[in-house]
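Peer 1: As a plain string of letters, each chain reads:
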Amino acid sequence: MSVAGISSSAKPQASRLVAILVLAAIVALVAATPFLPNYHIRVVNSLLIYILLGIGLNIVIGYTGLLDLGFVAFYAVGAYTYALLASPQLDLHLPFLLIVGIAAVLGMITGILLGIPVLKLRGDYLAIVTLGFGEIIRIVINNVDWLTGGPKGIARLDKASILGVEIARPVEIYWLLLVTVFLVGLFVWRLERSILGKAWAAIREDQDAARGIGINTTNAKLAAFATSATIGAIAGTIFAASQRFVSPESFTLQESVLIVLMIVIGGIGNILGIVAGAAILILLPELLREFAEWRILFLGILMVVLIIVRPAGIVPRTFGPEKLIRGLFGK
Amino acid sequence: MTLVFKNLRKQYGANVAINDVSTDFAPGLIYGVIGPNGAGKSTLINMTAGSYTVSDGSISLDGHRLDGMKKHQIANSGIARTYQNIRLFDQMTVLENLEVCAYPAEVYNTWREVLWPPYGRERAAARRESAMEILRFFGLEGYGDAEAGSLPYGRQRMLEIARALAMKPRVLLLDEPAAGLNHHETAELTAKLAELRSPERIMLVVEHDMDLVMTLCDRIVVMHHGKLLFQGTPAEVQASSDVQLAYLGTDNDIDDIRAAAQDRRAQLGIRARRRS
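Line order of the protein sequences matches chains A and B. Its first residue numbered 1, the first sequence is counted upward by one per residue in our numbering. Its first residue numbered 332, the second sequence is counted upward by one per residue in our numbering.
Among these hints, one or two may not hold up.
In silico DMTMM-like cross-links for lysine to aspartate or glutamate, where the CA-CA straight-line distance does not exceed 20 Å [stated by the list, open to error]: (1) K323(A) - E526(B); (2) K499(B) - D542(B); (3) K401(B) - D208(A); (4) K337(B) - D355(B); (5) K523(B) - E472(B); (6) K323(A) - E478(B).
Calculated Cβ distances over 10 Å to all of chain A for the following chain B residues [stated by the list, open to error]: (7) T333; (8) G381; (9) D387; (10) E437; (11) P449; (12) G451; (13) Y474; (14) L527; (15) D542; (16) S571.
Treat the hints as calculated values from the structure; they're not laboratory data. For glycine and all other residues, C-beta sits at the position ideal for the given N, C-alpha and C.
Excised from the complex, chain A in its bound form (with noise of 0.2 Å):
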């Protein structure tokens, strides 16, 4: 692998170069960011839901490689969760925060109902399932007029607050999902590093080998659908929350592909991978969007184009968190 580039560990000085520049880009965006237009605001909060979902999906399919093709109806549930809690739809007006926990326990429950049908599915076969059970969702989300308002969606939620603080304009949920992605983020990677984690590797690498040292593999994959689904929803209620509607139009195969992309792009298995892939195949449409229907085919040309020259993903497995945080304080 051509990891050598940014890792060496030949070179100490050149990786904590690598690294003081690339935390000075995230923390000088990260400052910026407020100061931006109401419009480009907007478009960094989709960059972090993606991220947010990324982090989730990644669990799945990076940690634990069981290719997720349906991740999107657990970013459904949460968004439709805070809909109709939040919203006149049903006349409910319950606390974000709650709702956020609501969403999570169902998300978790979703989570493992998909995963119990497909234990046994690895590769090919479980991505068709997955991608059945997302559409299915979508499918019902736009038929249960009476509940979901059918592809109408369902307009004018309330707008969240947290411990009497409004959190509504663009900035406001900027700061939320912040501290979201970072939170999920640290936790996701201290997750990976657990013992937990490791036993996610191992299925990855030969499930049959790994039962043979002890692990209950059921137990383990299942754990891996609850956690990814778990952040899928929360992303959900905070999308729906700062989007104050939701409808069927949101939650399609696109979307889920898009985020399997962005893992498989930034660097698979890799949370800093899923940041760079979210960066370009979010913010790079935007940034073509005066070159109309060009962009498209520009992302798909760039993409094939990584693919071939990083097939490890921009930021390969190898480069993760742990790193960069030994190549800023050294050892």
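Given the coordinates of chain A, assemble chain B onto it according to the supplied hints.
Peer 2: Same frame as chain A, but now just chain B:
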């Protein structure tokens, strides 16, 4: 503590791979399982470890039935194995390959590990240390942070045994540990395996390398066409005319093997165990 096979049978359609095998294995001894190709040696290991189901009969450890248990449950009852074709977690580091064996004991503390960093660090350090200890025994300590898949073949064989050992097994099943190793590596392996002999541990070695089997094993089980043909000490096996006919070949071969085994024993300083 014993591992007991009782009327064990494995059948694929009309094809009988294991036919009415009954025997038992006592701790503290190393058992060699030999026999021509297709005799059912690997099938025995695969059934014991739960990779294959048992068609009839039973396998029990300390009176607890193992057949019918799930594979991970069998592993957690103290049975560890290696594979005929090496099956490591290739993209994980050598250390991680061993550390992950702590999963059954520690998974229920995952929350604590994730949410309370000092505890996480303490557990990670403890896992690393016990993994390093095993790596040092196998002379693999220099490879700790290398990807398992990048190791030379002989080291991968050693690592697989190291991983099995990291499970602190009561029964260690080795499926052709010397396959593909050169003479030097086989000698090193034989010496290491001899050191693993412990009063609490049953070791079962399926192997084609007669040198290794005769040098290392205290008892030998000879399989032939799915049946247990003969069981005894290396000397008894070598003296048995049945075994010679079925497997070992002519008298000349036997003498060669015996001489080579004695040489090897002398070289390695391994004491041949006699029936007590």
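Peer 1: Now, for every hint given, state plainly whether the structure supports it.
Peer 2: Right, here's what the structure says about each hint:
For the hint linking K323(A) to E526(B), the alpha-carbon distance of about 39 Å lies beyond 20 Å, and the restraint is violated. With a C-alpha separation of about 27 Å, the suggested pair K499(B) and D542(B) falls outside the 20 Å cut-off, and the hint is violated. Using a Cα cut-off of 20 Å, the hinted pair K401(B) and D208(A) holds, with the two alpha carbons roughly 12 Å apart. Straight-line distance between C-alpha atoms of K337(B) and D355(B) comes to about 8 Å, which keeps the hinted pair within the 20 Å bound.
Restraint check for K523(B) and E472(B): the C-alpha separation of about 15 Å stays at or below 20 Å, so the hint holds. Our distance criterion of 20 Å between C-alpha atoms is met by K323(A) and E478(B), whose separation comes to about 16 Å. With a cut of 10 Å on Cβ distances, T333(B) stays outside the contact zone with chain A, its closest approach being about 21 Å. For G381(B), the shortest C-beta to C-beta distance to chain A comes to about 8 Å, within the 10 Å cut-off, and the non-interface label is violated.
Residue-level check passed: D387(B) sits 23 Å from the nearest beta carbon of chain A, beyond 10 Å. The claim that E437(B) lies off the interface is violated: its Cβ sits roughly 5 Å from the closest Cβ of chain A, which falls inside the 10 Å cut-off. In this structure P449(B) is separated from chain A by more than 10 Å, as the shortest Cβ-Cβ distance comes to about 12 Å. Consistency note on G451(B): stated as away from chain A, yet its beta-carbon is not over 10 Å from all of that chain's, at 7 Å minimum.
Even its closest Cβ contact with chain A, about 15 Å, leaves Y474(B) beyond 10 Å, as expected for a residue assigned away from the interface. The claim that L527(B) is not at the interface with chain A holds, since no C-beta of that chain comes within 10 Å of its own (minimum 17 Å). At roughly 28 Å, the least C-beta separation between D542(B) and chain A is larger than 10 Å, which holds for a residue marked as non-interface. Even its closest Cβ contact with chain A, about 34 Å, leaves S571(B) beyond 10 Å, as expected for a residue assigned away from the interface.
In this structure, the hints that do not hold are numbers 1, 2, 8, 10, 12, in rising order.
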